[in-house]
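Visitor: Spelled out from the first residue to the last, the chains are:
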Amino acid sequence: MGTLKSHALPPEMTASRRPVAARRGRPLRKRWSLAAWVALIPMMVTVVFAYLGTMLWTARVSLSNSRTFPSNDFVGFTQYVRLFHNDRWLVSLQHIAVYGVCFIVACLVIGMLLAIFIDQRVMAEGVLRTVFLYPYAMSFVATGLVWQWILNPELGAQSLLHKMGFTHARFDWIVDQDFVIYTIVIATVWQASGLVMAVMLAGLRGIDDELWKAARIDGIPRWRVYMSIVIPMLGPSVSTAFVLLFVAVVKLFDAVVAMTQGGPGTASEVPAKFIMDYLFGRANIGLASAASIVLLATVLAILAPFLYARSRSASRKEV
Amino acid sequence: MNSRKQWALKSGIALALAITGVIAQAEPLKANVIHWWTSGGESAAIRQFADAYNQAGGQWVDNAVAGADQARATAINRIVGGDPPTAAQFNTSKQFHDLIDQGLLNNVDTVATKENWAAIFPQSILESIKVNGHYYAAPVDIHMPAWFFYSKPVFAKAGIAGDPKSFDEFVGDLDKLKKAGVIPLALGGQPWQEKITFDAVFADVGGPDLYLKVYRDRDQNAVKSDAFKKVLASFKKLHDYVDAGSPGRNWNDATALVISGKAGVQIMGDWAKGEFSAAKQAPGKDFGCFPGFGPRSPYLVAGDVFVFPKTDNATAIKAQNLLATVMTSPQAQVAFSAKKGSIPIRPDVDVNQLDICAKEGIAIMKDKSRQLPNPEMLLSPDMQGALTDVITNFWNKNQSVDDAQKAFASALKG
Amino acid sequence: MNTTLEPSARVSRQQHARRKRFSPSRLGIYSFLIIAALFFLLPLYVMLVTSVKPMDEIRLGNLLALPAHFTLQPWSDAWQSACTGLDCNGIRVGFWNSVRIVVPSTVFSIVIGAINGYALSFWRPRGAGVFFGVLLLGAFIPYQVMIYPMVRVLASVHLFSSLPGIVIIHTIFGMPVMTLLFRNYYAGIPLELFKAARIDGGGFWRIFFQLMLPMSLPIIVVAMILQVTNIWNDYLLGLVFAGTRNLPMTVQLNNIINTTTGEKIYNVNMAATILTSVVPLAVYFISGRWFVRGIASGAVKG
Chain A
1 MGTLKSHALP
11 PEMTASRRPV
21 AARRGRPLRK
31 RWSLAAWVAL
41 IPMMVTVVFA
51 YLGTMLWTAR
61 VSLSNSRTFP
71 SNDFVGFTQY
81 VRLFHNDRWL
91 VSLQHIAVYG
101 VCFIVACLVI
111 GMLLAIFIDQ
121 RVMAEGVLRT
131 VFLYPYAMSF
141 VATGLVWQWI
151 LNPELGAQSL
161 LHKMGFTHAR
171 FDWIVDQDFV
181 IYTIVIATVW
191 QASGLVMAVM
201 LAGLRGIDDE
211 LWKAARIDGI
221 PRWRVYMSIV
231 IPMLGPSVST
241 AFVLLFVAVV
251 KLFDAVVAMT
261 QGGPGTASEV
271 PAKFIMDYLF
281 GRANIGLASA
291 ASIVLLATVL
301 AILAPFLYAR
311 SRSASRKEV
Chain B
1 MNSRKQWALK
11 SGIALALAIT
21 GVIAQAEPLK
31 ANVIHWWTSG
41 GESAAIRQFA
51 DAYNQAGGQW
61 VDNAVAGADQ
71 ARATAINRIV
81 GGDPPTAAQF
91 NTSKQFHDLI
101 DQGLLNNVDT
111 VATKENWAAI
121 FPQSILESIK
131 VNGHYYAAPV
141 DIHMPAWFFY
151 SKPVFAKAGI
161 AGDPKSFDEF
171 VGDLDKLKKA
181 GVIPLALGGQ
191 PWQEKITFDA
201 VFADVGGPDL
211 YLKVYRDRDQ
221 NAVKSDAFKK
231 VLASFKKLHD
241 YVDAGSPGRN
251 WNDATALVIS
261 GKAGVQIMGD
271 WAKGEFSAAK
281 QAPGKDFGCF
291 PGFGPRSPYL
301 VAGDVFVFPK
311 TDNATAIKAQ
321 NLLATVMTSP
331 QAQVAFSAKK
341 GSIPIRPDVD
351 VNQLDICAKE
361 GIAIMKDKSR
371 QLPNPEMLLS
381 PDMQGALTDV
391 ITNFWNKNQS
401 VDDAQKAFAS
411 ALKG
Chain C
1 MNTTLEPSAR
11 VSRQQHARRK
21 RFSPSRLGIY
31 SFLIIAALFF
41 LLPLYVMLVT
51 SVKPMDEIRL
61 GNLLALPAHF
71 TLQPWSDAWQ
81 SACTGLDCNG
91 IRVGFWNSVR
101 IVVPSTVFSI
111 VIGAINGYAL
121 SFWRPRGAGV
131 FFGVLLLGAF
141 IPYQVMIYPM
151 VRVLASVHLF
161 SSLPGIVIIH
171 TIFGMPVMTL
181 LFRNYYAGIP
191 LELFKAARID
201 GGGFWRIFFQ
211 LMLPMSLPII
221 VVAMILQVTN
231 IWNDYLLGLV
241 FAGTRNLPMT
251 VQLNNIINTT
261 TGEKIYNVNM
271 AATILTSVVP
281 LAVYFISGRW
291 FVRGIASGAV
301 KG
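Which chain is which? The protein sequence lines are A, B and C, in order. For the first sequence, position 238 (counting from the first letter as 1) is numbered 238 according to our numbering, and the numbering increases by one without interruption. For the second sequence, position 121 (counting from the first letter as 1) is numbered 121 according to our numbering, and the numbering increases by one without interruption. For the third sequence, position 185 (counting from the first letter as 1) is numbered 185 according to our numbering, and the numbering increases by one without interruption.
One chain only, chain A, in its complex shape:
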């Protein structure tokens, strides 16, 4: 891959320069465009009926006074006003922002390091890979409880430090209003880094062996190869991992419920839990829908520049 630099323009764009080929190519182009569209039918049906349909339905419900069931009692933007006067919602947005940054950065760094280190032809690679991946396999209801115990000052790490003699050691983040969100970061990074590692490893394994040989012949130190060549080539993998992590951040729910129930008080409240609580427990789907739309709009605002930049460079291979 490193040896390829020229990116030819897609045939559609060159057809106009070669009229003869175009005459031959136009029916061809239609034929293969058609096959692609046919193949994409499941995606288009899903997008329209499942996703777009749900988004529009949610928007409609958010403009109404719906409780357990959607109602036709339209109240304009009342739900949105109520939403932004709701302290729990506002703090949940703050928390998810802090959490998101810490979680994504930590997972990308740790996942990348693990992938690179495992890629070094280590012994028992299969075992190591499974060790880093197994957290992802386990239901967070149980593992979240275990983390709650480990982080509890009287049951877990702090009491262990005290027993070992460090009587003034403090690790009671989980009961601290300001630090509890970081305990959620710890537990969820534990769960997700292995997956990031797998994604990066797939990318690393796709890198041509020739590259390593060439670098060794040139005498470049290994770490330099990584920094200047390999990591940039992992662009698509990083981008995939980033989106996976971003989705996990927005949907963060199980961990919070299992570890802190949003507490102490509302110190670890997150948007997905807010939405769930109002959707099911509090029987107010109007408010929950408004919150979902706000969340979706925020995600769109963050992703849109990213996607726009990508589509601008559509004529080149996206990285």
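Any given hint could be a false lead.
[As the list claims (entries may be wrong)] Heads up, simulated PhoX-like pairs for lysine-lysine below, C-alpha to C-alpha not over 25 angstroms straight-line:
(1) K163(A) <-> K179(B)
(2) K224(B) <-> K213(B)
(3) K163(A) <-> K178(B)
(4) K262(B) <-> K152(B)
(5) K114(B) <-> K368(B)
(6) K237(B) <-> K152(B)
(7) K262(B) <-> K163(A)
(8) K165(B) <-> K237(B)
(9) K339(B) <-> K152(B)
[Unchecked claim] Sample of chain B residues facing chain C (criterion: CB under 10 angstroms; computed from the structure):
(10) G40
(11) G41
(12) S43
(13) N63
(14) D69
(15) I76
(16) N77
(17) R78
(18) G81
(19) D83
(20) A272
(21) E275
[To be verified] Examples of chain A residues lying across from chain B (beta carbon under 7 angstroms, computed):
(22) R67
(23) T68
(24) F69
(25) R88
(26) T260
(27) F280
(28) R282
(29) N284
Don't read these hints as lab results, they were simulated from the structure. We put the CB at the ideal spot given by N, CA and C, even for glycine.
Start from chain A and add chains B and C according to the hints.
Guide: Relative to chain A, chains B and C alone:
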């Protein structure tokens, strides 16, 4: 020819007899029941209902879903999707009133009239299940969410003689426990547990009148009164007696503290007795229980009901009526309560099988003036949630009593 | 790799290898991996230790202590006799249901994701990007919000409460991530390869099955890890959409672990969780053999 005709006639008669014989034998009335009772103790309890139902000619098909919110959501989605269960569990509350408004529930008026529910059930429960003049739910138990459980050995060690007779005496006992080196109050710092603790203090310190003015009448003046301020202050005072590891703790882990003698008291519903008996501790011997302070303390009434999703299928309706009858029958009620830790919904039952805490509860229930409906019965789930948010904020942050009072008033306005 | 070497070169290679094994960089690599592994294994240790202690010991609250009375009863209970409602048959009840849900769901979602990624990455029909954008945005909707509308949609085509219904639901929910995975992976495959195949006369499907799919093994492994885990561990969607005859194992697991006001038997909960995760773990371990390097390299040179 003749013999063949005879043979055909004979086999035809035999076939006809066989078919009618099959039809005459009653088909068991199949009932798909959604509920959230999945633990060992709860399973033993609901088995009493299932067995009674099966004996009465039904066939109980169990659809247990852990987690009350998920169970209710599953029931609602199945109803909407066209695959409704025969019966679904809800709390004695306003949770199922939206279903009634949408016309998604069958009523059980025939059973209610036949079994004379109006005369047997407590008033607070009747008000929850009877909507627009029709009975839409079958109540199956009464739980009291604010019992005080304490470890007898720990109380003895701290030099506490008996049950406290007032809130101030209770606080004094908590001080004694603190001096004895144990955690005075075992609390799981989750919003719903904090709300239970608050409601216990509210009922005891504020009194039934204030309680009803606030929760039932949503009277803003009552909330802004000094009496309510005192309730909030008393509630916050308990925070001094809770250990540092309390936030986030599950309620069973808090009970475990009392069981193992690390803590003195826990304020929790009578379902906590299940944890004690799982640890082989007996009420009256290893742990004590009292529902409030003094001989006139209010008794909060909460519980569970089963609703019956709308269907026009005659067999399903028969099954629903049979379920409603069986679950509220005296024998099934006693058998269920003994396993569940709750008290029966009807007073005309033989209570000897029940433990002493339940017996005390039943005796109190006979006095109508001491019954107080749980906030869930009086408020919509949304408002109950909003008030829980206010309480948990007040408990966990350094908020002043005045600010908490204002927040409570504003949440109550809706 | 070249195996016929001069004897002297072979010896020096062995020496080089031996030196390489104990060099500081190797030591650094191994120590990092071991320390990371210990951090990752800590909760598993707590879970294992808790799952073999009787409840009395657990109530005492010593997380890391080894059991004083070792017992495997919680494991047996979790598998076959823990109460999940009226029935007390443990988690094994739903095992085959889970398999019947996971296998078709995984296969469909991966196949559709691969086709979508392939079409979006190489063929790029005009306007398909918009659909992909909406699809990606859809990944961010909390799935609980989608349950009610999807119930209505499935009910209208009479697929609610059925096995095909739950397979469709899992495919729908998996589509955004699967499509993204494959699209980004194919984005890293040189366009020259594709154009060469087109020049050779390959059509849409031929190129897909004969060229792209065989090259996609590493990303198929990642996709399988994602989908098997998510679908195997899902319980809310299975609960709502699969119908009472097809309830997956996770419904029983959730009934064991989660109770509102019932007693929590922690040792059984831990055992049940570990038992349930065996299937995804097996998938991770076995799929490792496909995490091989250099798949694309041969194709590039050729």
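Visitor: Which of the stated hints cannot be reconciled with the structure, identified by number in ascending sequence?
Guide: none
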